[in-house]
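Asker: Here are the chains, one letter per residue:
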Amino acid sequence: MRRREFLTLSAASIGGVLVYSLDREVFRLSAQTNQSVRIPLRFFTQSEALIVSAAASRIFPSDEAGPGAREAGVAVYIDHQLAGPWGRDRYRYTQGPFEENAPAEFGYQGKATPRQIYRQGLKDLKGFDRLKAAEQDDTLKQIETTLFFSLLRQNTIEGMFCDPMHGGNIDMVGWQLIGFPGPRMSNYDDVDKHFGEAFRPKPSSLHQVTRGKVRPSEDLE
Amino acid sequence: MKNLPSVDVVIIGGGWTGLLIAKELGSRTALSVVVLERGGPRKTDDYGEDMDELDYTIRFRMMQDVSQETVTLRHDSSQRALPLRQHGSFLPGSGVGGAGEHWSVVCPRYLPDCFELHSRSIEKYGSKRLPEDHAIQDWGVTYDELEPHYTRVDLLLGLSGHAGNIRGKQIEGGNIFEGWRSAEYPTPPTKIPYFSSMFSEAAKSLGYHPYPVPAATTSRAYTNPDGVSRPACTYCGYCETFGCMIGAKSQPTNTLLPVIEKHKNVSIRTGAWVRRIVHDTSEKKGKASGVIYTDADGQEVFQPAELILLASWTLNNTRLLLLSGIGKAYDPTTGKGTLGRNLTHQVTFPAVTAFFERPLNRFMGSGASGIMISDLDGDLFDHSRLPFLRGGTLGARSARSLPISECGVVPKSVQARWGSEWKKAALHYYDRTGRIGFSGEHLAYKGNYMDLDPVYKDHFGDPLLHLTLDWRENERKMADYMIKKAMELAREMGAKEVTSFSGLRSYDATPYQSSHVQGGAIMGSSPECSVVNPYLQHWQLSNLFVLGASSFPQNASANPTPTILALTYRTADAIVDRYLKNPAALA
Chain H
1 MRRREFLTLS AASIGGVLVY SLDREVFRLS AQTNQSVRIP LRFFTQSEAL
51 IVSAAASRIF PSDEAGPGAR EAGVAVYIDH QLAGPWGRDR YRYTQGPFEE
101 NAPAEFGYQG KATPRQIYRQ GLKDLKGFDR LKAAEQDDTL KQIETTLFFS
151 LLRQNTIEGM FCDPMHGGNI DMVGWQLIGF PGPRMSNYDD VDKHFGEAFR
201 PKPSSLHQVT RGKVRPSEDL E
Chain Z
1 MKNLPSVDVV IIGGGWTGLL IAKELGSRTA LSVVVLERGG PRKTDDYGED
51 MDELDYTIRF RMMQDVSQET VTLRHDSSQR ALPLRQHGSF LPGSGVGGAG
101 EHWSVVCPRY LPDCFELHSR SIEKYGSKRL PEDHAIQDWG VTYDELEPHY
151 TRVDLLLGLS GHAGNIRGKQ IEGGNIFEGW RSAEYPTPPT KIPYFSSMFS
201 EAAKSLGYHP YPVPAATTSR AYTNPDGVSR PACTYCGYCE TFGCMIGAKS
251 QPTNTLLPVI EKHKNVSIRT GAWVRRIVHD TSEKKGKASG VIYTDADGQE
301 VFQPAELILL ASWTLNNTRL LLLSGIGKAY DPTTGKGTLG RNLTHQVTFP
351 AVTAFFERPL NRFMGSGASG IMISDLDGDL FDHSRLPFLR GGTLGARSAR
401 SLPISECGVV PKSVQARWGS EWKKAALHYY DRTGRIGFSG EHLAYKGNYM
451 DLDPVYKDHF GDPLLHLTLD WRENERKMAD YMIKKAMELA REMGAKEVTS
501 FSGLRSYDAT PYQSSHVQGG AIMGSSPECS VVNPYLQHWQ LSNLFVLGAS
551 SFPQNASANP TPTILALTYR TADAIVDRYL KNPAALA
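Order-wise, the sequence lines are chains H and Z.
Each residue of the first sequence is one higher than the last, beginning at 1 in the numbering used here.
Each residue of the second sequence is one higher than the last, beginning at 1 in the numbering used here.
Hints are not guaranteed to be accurate.
Stated by the list, open to error - Below, simulated SDA-like cross-link-like pairs (lysine to any residue); rule was C-alpha separation at most 25 Å, straight line:
| hint | chain 1 | residue 1 | chain 2 | residue 2 |
| --- | --- | --- | --- | --- |
| 1 | Z | K457 | Z | D470 |
| 2 | Z | K581 | Z | K496 |
| 3 | Z | K496 | H | E105 |
| 4 | Z | K412 | H | K193 |
| 5 | H | K193 | Z | K496 |
As the list claims (entries may be wrong) - With the C-beta cut set under 7 Å, the calculated list includes, among others, these residues of chain Z facing chain H:
| hint | residue |
| --- | --- |
| 6 | L54 |
| 7 | Y235 |
| 8 | C236 |
| 9 | M364 |
| 10 | Y430 |
Unchecked claim - Covered by chain Z, per the in silico footprint, the following chain H stretches (three or more residues, Cβ under 8 Å):
| hint | segment |
| --- | --- |
| 11 | 63-75 |
| 12 | 82-93 |
| 13 | 104-115 |
| 14 | 161-168 |
| 15 | 186-193 |
| 16 | 201-211 |
Calculated directly from the structure, the hints in this document are not laboratory data.
Note that beta-carbon positions come from the ideal geometry of N, C-alpha and C, so glycine has one too.
Chain Z extracted, bound-state conformation (with noise of 0.2 Å):
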């Protein structure tokens, strides 16, 4: 093994928050800091000729290589896991800027009680009304701390959009169920096309309150507090699984990587798969020393350092402390230990896809440009008589209607699925079909975690992560409940024929749902109920700092990355400010 010479501080990862952390600490101190990227490396000008649907949307070129690693899937304790051969239900990306270059950027913040969902859901409905096998706890941290954070990433992305609530004064026409936020979006919103504005007035006259989904495009040229500069979104369709031609979608290589490359104190070392955390806890008791890589020639390396910053994605964060034997693992039949308890996944599926009479021009549009409403999400509607707790958001997004992913969807009426009555089916609907989508909450549940796999290995030989997930009552409820409501909206859009989505049974890896799998090393109160403290430093290891969704106690309705750049921040100023002068537990 090859030892290198101590740095002040590792980042393990190259995405959303490894990048954000590198970018602060090479920016507010004088620290020598080394990011490790496992995948490739990749400029701000990469894009410019990605637009091929094949090769990006349908072959995953810029997914993580799932032939070296992936996960293995069961549905309950008793079952034997297998593992997830080819992409499916997630996408984790892969290279500089890992699943930041590929989202779709829809970027709402959580509604304010998510972060006290166990105390407010026992406040207002009492302990028994939670699912018995519920795992739900607060996160240690409120909206009203996150508030300026959140606000520091609207900067920083430059998102689109229309406020619903400035410092608790309502406005029309945006999300007014939203939690308070100090300003307005830097940027207005996305144009709003065809099928997105039906959408809109459908939910209007059901008296719901459509709002223009937050996007991190920029519906204008814009230039952010680092002076960063991006053009105006062009809406050419081709945002989700690719990065952005020019530049509009903002990534973690156009808005970060220009100021991290100014800084000389940061280093980005690529091909650096990092194996394991080493901690010495006989000599440096509750400190990490270093990691241990193997570099892009399958040199293993040993890189020292003061600090430690686990950044990877989610899954993998959860799948190299378990590996570095950091933390106790949880046992879902004692209930003791923290690691890889909480595996949540956002509750997420077409409600109905929805067939019109005259065209609706769907090659135009960018990830996230589109209409949602909110009136069904959280607690913001009645549950007393419903048989489920919690919502979502239903929406119409138009974005991704590339013609081998989406030609070929028919309706009901139609039964061949080939030949020449099918074909002439497909030709007319390929551009009169849109979907309503749902995005809901899922709960943590005891049974639902993560530990490693006993006989699938990656391709060094270490143990694959090994999920066990299902769906419960409480989401099933909720997802019938929704596609009925998305019915409705969809008959009051015009919708000539609707196909609803079948429901939720199993959890099935197939259907790509959200890259939203959260939890697994989550933040909490107590190192009794949680493995890393409301600044995600852990517990045990205070020198080690565990960054992103592995850190939700419970995956909200909402998309996750304005959120997990909002704790990123908090923890930047935790470390710069309190952390560096006193290297010790800061909670």
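If we strip away everything but chain H, and leave its shape as in the complex, we get (with noise of 0.2 Å):
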């Protein structure tokens, strides 16, 4: 049994008012009161989670247009993502022999499952939630290129646009950067109005459009 984990947050650090749903329970933040919140990590240790929390805020910052991989708590849903069936490559053709030098039209070839690459990955990027930002933007640029980064990207999109339920997306604050509604029942007076305008109704989540309880695949199993 690994030891119990903890991303620690403080509501000054982020700013504004949040919401953390985790393990079904809700935390409300806030500037004023000055909380901060422990949450339960179900795969990085706390030093890994700072690195993964630092590295998605220079790839999705939180800057003048909006907020970012912080606030839309991108590292609890790269965590929860690394914990369930896809960091252990469940769905993955996983039988040898491996190319792992094959051209890339044949696809990830590797033999290393998502949470080996990100293990590995953060061990070369250790200190990283120390370094000033443009520090960090260069010791990313010098990663680029890599798997990890790949996947950094990648998953740091996700847990930017994802279901909340999934972790990532808290309060659906990347589905309003973008005016993305979210899953709606009906859009059926509205498809063929509003052209070269912006429609942007309330965006809603899943768990409020079906007011049922659907399990995300990484609790699954």
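Combine the two chains into a complex, taking the hints into account.
Answerer: As structure tokens, then:
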């Protein structure tokens, strides 16, 4: 049994009011009350989670264009994914022999699982979370072409825009940024209208729309 | 091994073809019919809560589990093949309904000359114009013979569309280039969203003939001839890779299952993975005797049957025949043998990605709501000065704008792929980006084929299917030409910036193209050039029929499902009306 690891986030460090839905508990943070919350981690160690959080924030920064990976909870999303079936390659063909240097058009042919790729990648980024933003960008530029970086970039986008039940896109911040309303039962009256004008219904999550208990795949096995 | 009592009919696979023929046999005969589906069960109302892009589109929840079984690929027979370790260029389904559950329901018919491609091309161009190593041939069935069955399919699925040719009379607004149809579509075209309607205007002003994409999502509430009712589509946008939450998208589970469930003579066994078709040539010459499957508990079971209908997904049909040693495997060096030949994959790519000034509201739409043109399809335009034969359709569908898949696509003028500059552009362009897609014909070649892999195995230890597949100059030059035409259309639509597809090089197994991989157990007019006869009956084993796109000698530009189902209806008729009275070769 692994030691329980937590990611501690303070409201002051992120600012504003956010909701974290974890293990069916809801945490509401606010800068005024200076609360902090300890989020239980499923795969990462605390120091790994801090590096992932910092790196995802350089990929999808919080800036004048709006909130980013930090507010969306991308690190928590990635932690859940790696702990689940995807992280251990449950659905990939993993019989050998492996041809690690195959041409790109055959897809990823390596033996390492997402968990192993992250573990190694994060080891190489030791101390990353304590660097200044510009130094962090320089460090990421050096690993831009690695498999680890392309996974991290893809997972950051997933964590920004997934349904909130997966741990990312907290409060639907990602969907609000781009005007995506989430699942809607009907667009019948609008689909052939609003030509050339933004039509932006208020976003709803899958839980809100279906009022059901949908289980995300990372919790199923 | 457990031996079960014999049944009249075993159907291998519970997707579109297997369940359609199960419905027909259940309704029209008293035969005992067992459908063996290797995946899990599904119900009509399973999809109320599946609108989750991560699990369904990114993690492929509805697809075949490739950790158990995948295929291997090489570009030519001098290479060593590698397994496709994750889903990519095509998406086989799993479970009751198969790929018919997660499809995006684009439903055109094939052009009439596709069925006689070899003789028509020779007639018009002479044999010199055909690519040197081509393997194209006629189907052994014509469009005119198939038309009544196409019409049954229209009615079964409740297709939405606008006819362009009713019994030879051209009709404005429909596809005036299509083969004749005996009647208008059962439901009107889908609603047309902004992006697709801009494409329509641009196509008209460039002199093309745009028409609404024929769709198997009902544009209004519809009851089919079997009495199955489905509601009107609400354009929620969750079609491709999803099951429809309300059943407006026609799927085997909402169109066929409700009828099958009424017939006590038909049963569906899930978790039944068929490993071999047994054929005893010494005692019962020319007959298959049953199938061996592994059930959900890992037990091997022998199920004897009088009639066997192989109706699994295209590639799996060919693999099961190879594993069972039925027919002679194709040898590309001698050209002998027929099983595994004529592997094709519809030539499908996003011809251009166009970036617009105004928002498109692309979260609204359906898998097939959109506009397409056929002016550059088949042999409908002048090829005399072009370096390729045949063609395809260009279209602008308003589907698939889900944010994990689409956010982050930016024009070439933005260099960054992460960080603030990229983020700003990604947010701006997320709802200002649209694609003009191309779907083209893939000719068959002597060097594109399937056999069994010498190295890689499935979870039972059986060899994987081994694909040898690559593009040729005909497809590459056709692609280049179509990209230029799509570029003109995007400019006419007023796109601010346009990124064109980079062209076809080697076959790339990583980006999704279409699940229309075809051939392997092809139909034809003689056992020398085909595996099954024009009724999809095996030339050597008269009580074995092989249904689905494995029978297509080459790939047309159109998506195949209506053609697959039309051929299945034709086979159902041949079995009920002729074979059952005299169980022998039908051709």
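Asker: Hint by hint, say whether it matches the structure.
Answerer: Taking the hints in turn, this is what the structure says about them:
About 23 Å separates the Cα atoms of K457 (chain Z) and D470 (chain Z), which keeps this hinted pair within 25 Å; it holds. Between K581 (chain Z) and K496 (chain Z), the direct Cα distance comes to roughly 65 Å. Violation of the 25 Å bound is thereby established for this hinted pair. This hinted pair does not check out: K496 (chain Z) and E105 (chain H) have alpha carbons roughly 31 Å apart, beyond 25 Å. Straight-line distance between C-alpha atoms of K412 (chain Z) and K193 (chain H) comes to about 30 Å, which puts the hinted pair past the 25 Å bound.
Taking the CA atoms of K193 (chain H) and K496 (chain Z), the gap is near 22 Å; set against the 25 Å cutoff, the hint holds. Taken as an interface hint, L54 (chain Z) checks out: its beta carbon lies about 4 Å from the nearest beta carbon of chain H, inside 7 Å. A cut of 7 Å between beta carbons decides the hint on Y235 (chain Z): the least distance to chain H is about 4 Å, and the hint holds. Checking C236 (chain Z) against chain H by beta carbon gives a least distance of about 6 Å; that is within 7 Å, so the hint holds.
Nearest Cβ of chain H to the Cβ of M364 (chain Z): about 4 Å, under the 7 Å cut. The hint holds. The criterion of a C-beta within 7 Å of any C-beta in chain H is met by Y430 (chain Z), whose closest approach is roughly 4 Å, and the hint holds. Remark: the segment 63-75 of chain H is confirmed as covered by chain Z, as 4 of its residues place a Cβ nearer than 8 Å to a Cβ of that chain, reaching the required three. Coverage of the segment 82-93 of chain H by chain Z holds in this model, with 6 residues showing a Cβ closer than 8 Å to a Cβ of that chain against a need of three.
Under a criterion of three residues with beta carbons nearer than 8 Å to beta carbons of chain Z, the stated coverage of the segment 104-115 of chain H is upheld, 6 such residues being counted. Note: the segment 161-168 of chain H has 5 residues with beta-carbon separation from chain Z under 8 Å; the three-residue rule is met and the coverage holds. With 6 residues having a Cβ less than 8 Å from any Cβ of chain Z, the segment 186-193 of chain H passes the three-residue criterion, so the hint holds. Three residues within the 8 Å Cβ limit are the bar, and the segment 201-211 of chain H against chain Z gives 3, so the coverage statement holds.
Violation of the numbered hints given earlier is confined to hints 2, 3, 4; the remaining hints are satisfied by the structure.
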